[in-house]
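The task is simple: from the sequences and hints, build the whole structure.
First residue of the sequence shown? That's 14 in this note's numbering, and the numbers climb one at a time after it.
Careful, some of the hints might be misleading.
[Stated by the list, open to error] Only pairs whose alpha carbons sit at most 25 Å apart, straight line, appear in this in silico BS3-like list of lysine-lysine:
(1) K123 - K109
(2) K39 - K116
(3) K123 - K67
(4) K39 - K123
(5) K109 - K39
[Claimed, not checked] Taking CB as the label site, the calculated pair distances span:
(6) S113 - P40: 37 to 43 Å
(7) Q137 - R89: 25 to 31 Å
(8) D145 - K39: 21 to 27 Å
Simulated from the structure, these hints should not be mistaken for lab results. Note that CB positions come from ideal geometry on N, CA and C, so glycine has one too.
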Amino acid sequence: MTLTAISEHKAATTPHRVLQPEGWAKPIGYANGMEARGRTIFVGGQIGWNSQCKFEVHDLPGQIRQTLENVIAILREGGAGPEHITTMTWYVIDRKAYSSSLKEIGAAWKATMGRNFPAMAVVQVSGLIEDDALVEIQATAVVPD
Numbered sequence: 014m015t016l017t018a019i020s021e022h023k024a025a026t027t028p029h030r031v032l033q034p035e036g037w038a039k040p041i042g043y044a045n046g047m048e049a050r051g052r053t054i055f056v057g058g059q060i061g062w063n064s065q066c067k068f069e070v071h072d073l074p075g076q077i078r079q080t081l082e083n084v085i086a087i088l089r090e091g092g093a094g095p096e097h098i099t100t101m102t103w104y105v106i107d108r109k110a111y112s113s114s115l116k117e118i119g120a121a122w123k124a125t126m127g128r129n130f131p132a133m134a135v136v137q138v139s140g141l142i143e144d145d146a147l148v149e150i151q152a153t154a155v156v157p158d
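The following block contains the structure:
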């Protein structure tokens with residue numbers, strides 16, 4: 014795959030270079046790797062509660078949407094947006110709920126993140142610190158020099 018094809022496929026809105034080895038299957042909804050230069054912003058683990066630490070939704074897609082909105086709010090404080098995210102790690106307590114909600118999760122992603130697809134990992138964990146939390150997301154962003 015050429016860099017142009019990769020850019021059109023994955024990085025239409027990101028200022029970073031998507032790393033996609035030639036001959037590899039194209040990932041859906043994430044990138045295998047990202048290359049970036051600039052000022053780095055580290056977003057600590059965010060969960061699906063509002064700015065007042067209250068859970069307004071109790072389903073996984075709803076909490077993912079709120080969590081992504083929280084990540085983006087922190088990025089804005091650092092002069093960044095979703096297009097600057099280079100990597101994310103998601104921690105979910107129920108991978109079956111995650112897998113069965115991909116359509117709704119995709120809609121939440123599109124509504125918050127647009128067509129930005131950073132390098133990602135999703136990990137099932139036995140629990141999170143807040144009992145009502147169904148997901149926690151940590152992110153790293155790079156704002157170009």
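A quick look at each hint next to the structure:
no.	hint	result
1	K123 - K109	holds, 21 Å
2	K39 - K116	holds, 19 Å
3	K123 - K67	holds, 24 Å
4	K39 - K123	holds, 19 Å
5	K109 - K39	holds, 23 Å
6	S113 - P40: 37 to 43 Å	violated, 20 Å
7	Q137 - R89: 25 to 31 Å	holds, 30 Å
8	D145 - K39: 21 to 27 Å	violated, 36 Å
When the structure is compared with the earlier hints, violations turn up for hints 6, 8 and for no others.
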